[in-house]
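Participant: In case you want the letters, here they are:
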Amino acid sequence: MAIWADENIRLLVQGITGHQGQFHTKAMQEFGTNVVAGVTPGKGGMQVHGVPVYNSVEDAMEKEPNASIVFVPAAFAKDAVIEALDAGIKMVVVITENIPFHDAMQFIHYAMYKKARVIGPNCPGIASPGKSKIGIFPNIIFSKGSVGIASRSGTLTYEIVAALSQAGIGQSTCIGLGGDPVTGTTFIDALKAFEEDEETKAIVMVGEIGGTAEEEAAEYIKKEVSKPVYAYIAGRTAPAGKRMGHAGAIISGSMGTAESKIKALEEAGVKVARFPYEIAELVKNDKEIW
Amino acid sequence: MKLFEYQGKELFRNYGIAVPKSVVVQSKEELEKIDMPFPWVLKAQVLVGGRGKAGGVKIASSIEEAKKAFDEIMGMEIKGERVKKILVEEKAEIEKEMYLSFFLDRSSRQYLMMFSPHGGVDIEAMKENVKKIYINPLIGLQSYHLRKLPKETRSIAGRLYRLFIEKDCELAEINPLAISGEAAIALDSKIIVDDNALYRHNELPKENAELTPLEKEAREKGIAFVQLDGNIGVIANGAGLTMATLDALNEFNGRGGVFLDLGGTDDPEKVKQALEIMVKAKPKVILINLFGGITKCDTVARGIMEFMEEHDTPPIVARIKGVNEDIAREMLKDYVIALDSFREVAKKAAELGG
Chain A
1186 MAIWADENIR LLVQGITGHQ GQFHTKAMQE FGTNVVAGVT PGKGGMQVHG
1236 VPVYNSVEDA MEKEPNASIV FVPAAFAKDA VIEALDAGIK MVVVITENIP
1286 FHDAMQFIHY AMYKKARVIG PNCPGIASPG KSKIGIFPNI IFSKGSVGIA
1336 SRSGTLTYEI VAALSQAGIG QSTCIGLGGD PVTGTTFIDA LKAFEEDEET
1386 KAIVMVGEIG GTAEEEAAEY IKKEVSKPVY AYIAGRTAPA GKRMGHAGAI
1436 ISGSMGTAES KIKALEEAGV KVARFPYEIA ELVKNDKEIW
Chain B
54 MKLFEYQGKE LFRNYGIAVP KSVVVQSKEE LEKIDMPFPW VLKAQVLVGG
104 RGKAGGVKIA SSIEEAKKAF DEIMGMEIKG ERVKKILVEE KAEIEKEMYL
154 SFFLDRSSRQ YLMMFSPHGG VDIEAMKENV KKIYINPLIG LQSYHLRKLP
204 KETRSIAGRL YRLFIEKDCE LAEINPLAIS GEAAIALDSK IIVDDNALYR
254 HNELPKENAE LTPLEKEARE KGIAFVQLDG NIGVIANGAG LTMATLDALN
304 EFNGRGGVFL DLGGTDDPEK VKQALEIMVK AKPKVILINL FGGITKCDTV
354 ARGIMEFMEE HDTPPIVARI KGVNEDIARE MLKDYVIALD SFREVAKKAA
404 ELGG
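The listed protein sequences derive, respectively, from chains A and B. Going by my numbering, the first residue of the first sequence is number 1186, and it counts up by one from there. Going by my numbering, the first residue of the second sequence is number 54, and it counts up by one from there.
Hints were generated in silico from the structure; no laboratory data involved. Since the model is a prediction, treat every value here as computed from it, not as a measurement. Among the hints, a few may not be true.
Stated by the list, open to error - Listed below are the simulated SDA-like cross-link pairs for lysine to any residue, each with C-alpha atoms no more than 20 Å apart in a straight line:
1. A:Lys1448 x B:Asn303
2. A:Lys1469 x B:Ser394
3. A:Lys1469 x B:Arg396
4. B:Lys243 x A:Arg1428
5. A:Lys1299 x B:Ile192
6. B:Lys269 x A:Lys1469
What the hints assert, rightly or not - Only part of the chain B face toward chain A is listed, based on derived beta-carbon distances under 10 Å:
7. Ile192
8. Asp221
9. Asn290
10. Gly309
What the hints assert, rightly or not - Quick list of the computed label-pair ranges, beta carbon to beta carbon:
11. A:Glu1473 x B:Gly105: 46 to 56 Å
12. A:Glu1192 x B:Lys337: 47 to 57 Å
13. B:Gly193 x A:Arg1195: 32 to 42 Å
14. B:Tyr252 x A:His1204: 32 to 42 Å
Idealized CB from N, CA, C, for every residue including glycine.
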């Protein structure tokens, strides 16, 4: 099973001829992803690691892609996402960072109208070990198993996944939601999908300061999630009003603090780790799962 | 990027939002040239809130009073921010003070228009009578949204919405919005523009006054860098990992002084640039916490080594995990205190930080 990224993915890479596009096309192929086409306007006819490049998504549709990953620079990202949605693609993973949030609001709402899923922006993508990866996670950290992970962070997630693998705990799907204030896929979307996924036995959330997504997730967990949930929240010592690297990681007034998130999650029965590496220990020692 | 009140009010004028007559001054001599009937209001131009309570706003009924108020306000520090400019404004007739804003509501993923018939206080303190009107970003503001507001504020709300969208704002706020008869007038402005959209707004001020000089330098080099009040400089790759490292330090009573997210890099030069700016912040100890995936550990190690050959640095404690970690550790063994675990490295850095 796994969620959203499985063995049936036929992937389109938008911005395939750029440095990142080329590098990660190869890495995704090595992971086992079926990359069927790429798009870079003006570069149609080329090949990148054996993948044919087209001038437009419409042209690339002859290869019947059912998902797309966007490496296009921030100023052109909205255009690329809308182009994919208009061509009928139902899942678009947006890696690009520094996209103006008004642009993101438009393509996220347009995706809702098109009944399509956007993952990101400003995210590492999604990976289901043994099936497919639509993203930039390092391949070596993963092992196949039954823990689902949803995270607002990149490298911190690699750290936590690697620690899980080292402890002998594999993953069903790992999804990076993105570090921006508004993302196409939320903790609640991921929790719902993991709850329904037969392969997933436990869920790990990696949150951070800013906004109230974790608090809302805690409410949802109370009502709808029966599987054990673990969490780590970054930014306990971050000062208010400073943007900590991610556009979305900012405490505004009294809103978005780590304390508020940890409290809400603990009240919902979530086990919250003090250090990232404690997640693997907590999951491993949980007698309820194993 | 936050705009100063006077910069926000210039935008308001361009959008036909009424503001009081005003002049921005930096010297007392400029006060003499102001041709405006008394009383005046002299307002410190700072980006932090709470300037009224701090004594940064004064009323003057004569040029003598204005000069005295100028002396009191100019150069004062409000929450650590020094006053460099004063806005001198004609005192407006006020019958009622209201509140109006547009911002991004992260939770609903919609634009939100907030209105209160009682302005002048912090919006977080407003509990009653606050109207929240959600706006779909694809559809935009409609007339029926505006009909939920008092008649005299509708035109100004429509104009403020247009500014919010066209200038890529995170927040466009008028508080207080003064009502005098049929007229509505913006007595203050609070505008935050999305940093990621500044590239398409050459018309906006270039100077981001919120950032420290080092933060500005870092931004120009594309390095995410935040100055904090401790003495341990943290370098990690990825914003989440950097924050997690600062949190871990705190568990051992260490205090982070710099947040530096190296990001994904395969270039030793970028590592050297990061260290260069870190050293300028004068931390007592530097903590490097690296998880190499796409970023190779030995690339970062090369950058550290080359930098330390050419420059003096405070002691560096490092934990380097991931691709090519063995090579990296071997390279750095005479340069840094290398430790294996997240916990150990945080503990050691906290000790050295004292």
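Participant: All hints are to be evaluated individually against the structure, with a verdict given for each.
Facilitator: Tested hints:
Simply put, Lys1448 (chain A) and Asn303 (chain B) have alpha-carbon atoms about 19 Å apart, close enough for the 20 Å limit, and the pair holds. Under the criterion of a C-alpha separation no larger than 20 Å, the hint pairing Lys1469 (chain A) with Ser394 (chain B) is consistent with the structure, at around 19 Å. Under the criterion of a C-alpha separation no larger than 20 Å, the hint pairing Lys1469 (chain A) with Arg396 (chain B) is consistent with the structure, at around 19 Å. Of the supplied pair hints, the one linking Lys243 (chain B) and Arg1428 (chain A) holds, its CA atoms being roughly 18 Å apart against a limit of 20 Å.
For the suggested pair Lys1299 (chain A) and Ile192 (chain B), the alpha carbons sit about 15 Å apart, so the restraint of at most 20 Å is met. Pair hint Lys269 (chain B) plus Lys1469 (chain A) does not hold up; C-alpha atoms about 44 Å apart against a cutoff of 20 Å. A hinted interface residue such as Ile192 (chain B) counts as satisfied when its beta carbon comes closer than 10 Å to some beta carbon of chain A; here the least separation is about 9 Å, so the hint holds. Taking 10 Å as the C-beta contact cut-off toward chain A, the hint placing Asp221 (chain B) at the interface holds, the least distance being around 6 Å.
Satisfaction of the interface hint for Asn290 (chain B) is found here, the shortest Cβ-Cβ separation to chain A being roughly 5 Å, below the 10 Å cut-off. Below 10 Å, beta-carbon pairs count as interface contacts, and Gly309 (chain B) has one with chain A at about 7 Å; its hint therefore holds. Evaluation of the 46 to 56 Å hint for Glu1473 (chain A) and Gly105 (chain B) yields a pass: the beta carbon distance comes to about 55 Å. The given range of 47 to 57 Å is respected by Glu1192 (chain A) and Lys337 (chain B), whose C-beta atoms sit roughly 52 Å from each other.
Checking the proposed 32 to 42 Å range against Gly193 (chain B) and Arg1195 (chain A) shows it holds: the Cβ atoms sit about 36 Å from each other. Between Tyr252 (chain B) and His1204 (chain A) the C-beta distance comes to about 20 Å, which lies outside the given range of 32 to 42 Å.
The structure is inconsistent with the numbered hints 6 and 14, although it conforms to all the rest.
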